[in-house]
Amino acid sequence: DARVTQTPRHKVTEMGQEVTMRCQPILGHNTVFWYRQTMMQGLELLAYFRNRAPLDDSGMPKDRFSAEMPDATLATLKIQPSEPRDSAVYFCASGPGQGAYEQYFGPGTRLTVT
Amino acid sequence: QKEVEQNSGPLSVPEGAIASLNCTYSDRGSQSFFWYRQYSGKSPELIMFIYSNGDKEDGRFTAQLNKASQYVSLLIRDSQPSDSATYLCAVNQGYGGATNKLIFGTGTLLAVQP
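Keeping their order, the protein sequence lines are chains A and B. Under my numbering, think of the first position of the first sequence as 1, with each following residue one higher. Under my numbering, think of the first position of the second sequence as 1, with each following residue one higher.
In silico DMTMM-like links for lysine to aspartate or glutamate, alpha-carbon gap of 25 Å or less:
1. B/K42 / A/D86
2. A/K78 / A/E18
3. B/K2 / A/D57
4. B/K101 / A/E44
5. B/K101 / A/D71
FYI, nobody ran anything at the bench for these hints, they're computed from the structure.
All chains, full assembly: derive it from the sequences and hints.
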């Protein structure tokens with residue numbers, strides 16, 4: 001049963017701390033997406049990778065957020081330093097690419113910054 | 001004008017009725033259209049995609065696409081209380097499907113009354 005996995009599922013941290021979220025895309029998928037979802041803003045695209053190369057991170061606050069894919073089985077999203085306004089659910093999604101645009105979402109990381 | 005627009009609802013329908021969910025989009029170059037279902041506290045789940053004008057049926061779900069009117073809809077026949085969720089419309093961005101980015105609407109909350 002192929003699915004996207006994310007860790008941790010929940011994270012509570014204090015303002016100023018570093019937060020790292022991890023994602024394992026579905027094996028064979030070559031596109032990976034990071035989204036943030038809040039009640040006010042809905043689902044926002046933060047960053048997007050194809051074949052591990054970053055293609056678009058225009059939705060990400062550059063001063064504190066960074067996204068990487070160290071290998072094909074791992075994508076990371078880091079926030080340093082974290083702020084209370086970063087509290088949200090962060091989803092990773094992967095897609096097969098190759099002209100197919102559907103995306104499959106992981107369970108999400110619920111982040112609370114106090 | 002938002003790129004993908006949906007009525008936030010709630011759309012309330014009685015059990016057994018047809019639920020009709022609508023979505024309009026602004027990018028005439030979009031070629032791929034998706035419907036996701038999101039239960040409260042869960043991640044978005046892909047339920048339908050459609051690429052060609054007309055109807056596409058899958059069980060109780062029918063997706064309808066009209067590219068000339070830039071309109072996509074989802075019909076749910078024989079609605080069940082378990083269909084109660086937020087339904088997100090997503091459209092790929094980029095003329096000719098040049099990118100894998102999906103633009104999501106803010107979702108329509110569907111409530112099926114027993």
